[in-house]
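Student: Using the sequences and the hints, build the whole thing.
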Amino acid sequence: MAHILLRHRDIPDIHQLDVYRQHGGFEAWQKAVISMTPEQVTEVVKASGLRGRGGAAFPTGVKWAFMDNRNWPHYVVANADESEPGTFKDREIMEKNPFQFLEGVAIASYAVQAHTAYIYLRGEYWHIAEWLDQKIAEMEAAGLLGDRLFGSDYSLRIYTHLGAGAYICGEETALLESLEGKRGQPRIRPPFPPSFGLYGKPTVVNNVETLTNVPPILTYGAEWYRSLGTADSAGVKVFSLSGRVKKPGNYELPFGKTFRDLIYGGGGGILDDRPIKAIMPAGASSSLIVADEKALDTPLDYASVRALGSDLGSGSVIVIDDTVSIEWVIRKTVHFFKHESCGKCTPCREGNYWMLRILDRLERRPKKEDVQLLYNVARQMQGKCLCALGEFAIMAVMTGIERFPQDFVDSSQT
Amino acid sequence: MSLAETYPQEVQRILAKYPPEHKRSAVMPLLYLAQRRDGYITKAAMQEIAEFLEMDGTEVASIVGFYTLYHDKQEGKYRMQVCNDLPCALRGADTFLEGLCENLGIRLGETTPDGLVTLEAVMCIGACDRAPVFQIQSPERITYYENMTIERTLELIEALKKAQGETT
Ligand SMILES: Cc1cc2nc3c(=O)[nH]c(=O)nc-3n(C[C@H](O)[C@H](O)[C@H](O)COP(=O)(O)O)c2cc1C
Ligand code: SF4
Ligand code: FES
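Residue numbers (the numbering used here), protein chains in the order written: chain A, 1 to 414; chain B, 1 to 168.
Misleading hints may appear alongside valid ones.
Stated by the list, open to error - Below, computed lysine to aspartate or glutamate pairings styled on DMTMM-like, alpha-carbon distance capped at 25 Å:
id : chain 1 : residue 1 : chain 2 : residue 2
1  : B       : Lys17     : A       : Asp13
2  : A       : Lys246    : B       : Glu146
3  : A       : Lys344    : B       : Asp56
Stated by the list, open to error - If you want a taste of the chain A side facing chain B, the calculated C-beta under 10 Å gives, among others:
id : residue
4  : Pro73
5  : Tyr159
6  : Cys169
7  : Glu180
8  : Gly243
9  : Gly249
10 : Met280
11 : Ser316
12 : Glu327
13 : Phe336
14 : Tyr375
15 : Phe404
16 : Pro405
To be verified - Each pair of labels, with its calculated beta carbon distance range:
id : chain 1 : residue 1 : chain 2 : residue 2 : range
17 : B       : Gly39     : A       : Ala56     : 39 to 45 Å
18 : B       : Cys101    : A       : Arg274    : 26 to 32 Å
19 : B       : Gln12     : A       : Ile188    : 32 to 38 Å
Calculated from the structure, these hints are not laboratory results. All C-beta atoms in this analysis are idealised placements derived from N, C-alpha and C, irrespective of residue type, glycine included.
Tutor: Next comes the structure, spelled out in C-alpha cells:
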C-alpha cells in the first residue's frame with residue numbers, strides 16, 4: 001500500500017513544492033478555504049475518527065469543536081517537541097514530507113479560524129526549524145500562506161519556535177508556558193487549551209503526525225479514512241521501532257496490524273535471533289508488556305493494547321530481548337524521568353529522586369526489601385502528581401516489578 | 001554591541017513572530033542569539049535581554065537554568081552530547097560512550113585539554129534507530145552525527161581541531 005504519511009518513501013522529492021503540488025498537494029487546503037466553512041472542515045475530521053498521535057489519543061475533531069468562540073484571537077500550536085525516548089516519527093515527517101505537515105497546520109488553523117499558528121520544536125531539531133522556515137517562505141511566495149488567501153478574506157501566518165531541551169515542554173500546557181517566554185512548567189488543567197491556551201486565548205495543540213493526517217482526510221473523505229484501521233482506532237499510524245531489533249526505524253501501518261507484524265515483519269526480528277522478552281509500546285512512559293505469543297498477536301490499536309495492560313501512546317515501540325535485565329531498563333527510565341521532572345510538585349520531584357537512589361543501591365547490593373521499597377515509593381506517587389509525567393515515571397517501575405519479578409534480586413542472592 | 005546591533009535582521013525577524021504585547025515570547029530565541037554572540041550566556045546578556053523585553057533579570061536567569069541547551073558557563077567550544085538513553089543503550093550507546101571517554105582521556109562532563117570538546121551524556125534526541133548517535137552543540141548550531149563509530153568520532157574531533165587551528 002502506498003504511504004499516506006511517509007509519502008516520501010514513494011515519492012522521494014515530495015519536499016519540493018512543485019513535486020508536492022503535482023501529487024495533489026495543497027488541493028485540500030485550497031478546497032477548505034474556498035468551498036468549505038470552518039465547521040464543515042471540523043465535521044469531516046470528527047467523522048474520520050482521527051485521534052491525537054501525541055500520546056493521549058483524544059479525538060481531534062472534537063478538540064477543535066471545543067474552541068471557545070466568545071474569546072478571540074484563536075491560535076493553533078503544532079507540538080513538535082518529540083522527546084519521548086524511542087520516538088522519532090515527527091522528525092521524519094518534517095524532514096521528508098514537510099509540506100503535508102504544513103498543509104495540516106494550515107487546515108487546522110482555518111477550521112478554528114486562527115490567523116497565527118506556531119510550530120514548537122524541541123531545541124535539538126534546530127535544523128528542522130531552519131528547514132521549515134524555508135518551506136514556509138516558499139508557501140508564502142506561492143500565495144499559499146499570507147493575506148487574503150485564494151481570494152478569500154482569510155489570512156494565515158505560520159511561525160516556528162525552538163525549545164531548548166526539556167522533555168516536559170511536550171506536555172501541552174508546559175509547552176504554552178514555554179512559548180510565552182516562561183519556564184516550561186505545566187499549568188493546572190482544567191481549563192484546557194481550547195478555552196484558555198496561548199496568552200490565555202483559545203488554542204488547539206496538536207501533534208505533528210496528527211496534523212499530517214488532515215490533508216488526506218479532507219481529500220479522500222472521512223469514510224475512506226475510517227476504512228483504514230479498526231473500529232476503535234481509525235486510519236494509519238507511524239510506529240517508531242527501536243531497541244533490540246534488526247531493522248529499527250519508522251513503519252507506517254494501518255491500526256490493527258499486530259506487534260508480530262511490526263517487530264518480525266518490518267523490523268526483521270530480534271538481533272542475533274534471540275528470544276524477545278518485553279515490549280514497551282509507548283517509549284519510556286510505557287507499562288511493560290510480557291512479550292509472549294498472545295502479546296505478539298495483539299493488534300496495534302488503542303483498545304487492544306490497553307487490554308494487554310499497557311497503552312499505545314505515541315506508538316514508540318521499544319523491543320527488549322532476553323539479554324537485557326528489566327531492572328537495568330527501569331534504571332534507565334527512572335534516570336530519564338528524574339532528569340526531566342520539572343520540579344513543580346513534590347511527589348514527582350522527590351519520588352523520582354528516591355526511586356533512582358534505591359535503584360542505584362540495588363545495583364550495588366541487591367536486597368529484596370529495597371525492591372519492595374522501590375515499589376512502595378512508586379505506588380505513593382500514583383495519582384498525586386500535577387501532570388502525567390509523574391504517572392509516566394512509575395509505569396515501567398511498577399509493571400516491571402509486577403511482571404518480571406525474577407529480574408529483581410534472584411532468590412540465590414537474598 | 002547589543003544584540004539588536006549585532007544581529008539586526010534576526011532580532012527583527014524574531015520580534016515579528018509574536019504579538020507586540022507579548023514580546024517576552026522572544027526570550028528563548030534571543031537567548032540563543034546571545035549564546036551565539038558570546039559562546040555562552042553571560043550575566044550581562046541576561047540583563048540586556050531582560051531590559052529589552054521588559055522582564056525581570058532573575059526571571060531570565062531562571063529560564064536559562066531551566067533549559068538544558070542554554071549554558072551560563074564557558075566550556076569547550078563544542079559540546080559533544082552523546083545519547084545513552086534507553087533505546088540507544090539497547091544498541092550499545094553505553095559501550096560507545098565508555099570507549100570515547102577512554103580514547104579522549106576525559107570523563108563525562110569534562111573538556112579536552114585543548115578546550116575544544118566537552119563530553120556530555122544526554123537523553124533521547126530522536127535518532128534511536130541510528131545509535132550510537134550524538135549531537136554537537138556549538139554556539140551557532142546543533143548538528144547530528146548518526147550511526148557513529150569510535151574511529152569516525154575521533155576523526156571528526158581531529159577535523160574540528162584542524163579547523164580551529166586554521167581560524168586562530
Ligand atoms: C510529559 C508529557 C510529554 C509529552 N510530550 C509530547 C510530545 O513530545 N509531543 C506531543 O505531540 N505530545 C506530547 N504530549 C502530549 C501533549 O500534552 C498533548 O496531549 C498533545 O500534544 C495533543 O496533541 P494530539 O491530540 O494531536 O496528540 C506529552 C504529554 C506529557 C504529559
Ligand atoms: S508531575 Fe513532575 S513534571 Fe509534572 S508538574 Fe509535577 S514535578 Fe513537574
Ligand atoms: S534514545 Fe538515543 S536518540 Fe533516542
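Student: Confirm or reject each hint.
Tutor: Going through the hints against the structure:
Proximity of B:Lys17 to A:Asp13 is assessed by CA-CA distance (about 29 Å); at most 25 Å being required, the pair is judged violated. For the suggested pair A:Lys246 and B:Glu146, the alpha carbons sit about 17 Å apart, so the restraint of at most 25 Å is met. For the given pair, A:Lys344 sits about 20 Å from B:Asp56 by alpha-carbon distance, which is consistent with the 25 Å threshold. At about 9 Å, the closest approach between the beta carbon of A:Pro73 and any beta carbon in chain B falls short of 10 Å, and the interface hint on this residue holds.
Because the smallest distance between the Cβ of A:Tyr159 and any Cβ of chain B comes to about 4 Å, under 10 Å, the interface hint for this residue holds. About 8 Å separates the beta-carbon of A:Cys169 from the nearest beta-carbon of chain B, less than 10 Å, and the hint is met. The criterion of a C-beta within 10 Å of any C-beta in chain B is met by A:Glu180, whose closest approach is roughly 6 Å, and the hint holds. At a threshold of 10 Å, the smallest CB-CB gap from A:Gly243 to chain B is about 4 Å, leaving the interface hint in force.
Taking 10 Å as the C-beta contact cut-off toward chain B, the hint placing A:Gly249 at the interface holds, the least distance being around 5 Å. Interface hint status for A:Met280: upheld, as the beta-carbon distance to the closest one in chain B is roughly 8 Å, under 10 Å. A cut of 10 Å between beta carbons decides the hint on A:Ser316: the least distance to chain B is about 8 Å, and the hint holds. At its closest, the beta carbon of A:Glu327 sits 13 Å from a beta carbon of chain B; the interface hint therefore is violated under the 10 Å criterion.
The interface hint given for A:Phe336 is met, as the beta carbon of that residue sits about 6 Å from the closest beta carbon of chain B, less than 10 Å. A cut of 10 Å between beta carbons decides the hint on A:Tyr375: the least distance to chain B is about 20 Å, and the hint is violated. Hint status for A:Phe404 relative to chain B: violated, with the closest Cβ pair at about 15 Å, above 10 Å. Hint on A:Pro405 is violated. Least Cβ distance to chain B is approximately 20 Å, over the 10 Å limit.
The beta-carbon spacing between B:Gly39 and A:Ala56, approximately 40 Å, falls within the hinted interval of 39 to 45 Å. At roughly 28 Å, the beta carbons of B:Cys101 and A:Arg274 sit within the given window of 26 to 32 Å. About 36 Å separates the C-beta atoms of B:Gln12 and A:Ile188, a value consistent with the hinted range of 32 to 38 Å.
The structure is inconsistent with the numbered hints 1, 12, 14, 15 and 16, although it conforms to all the rest.
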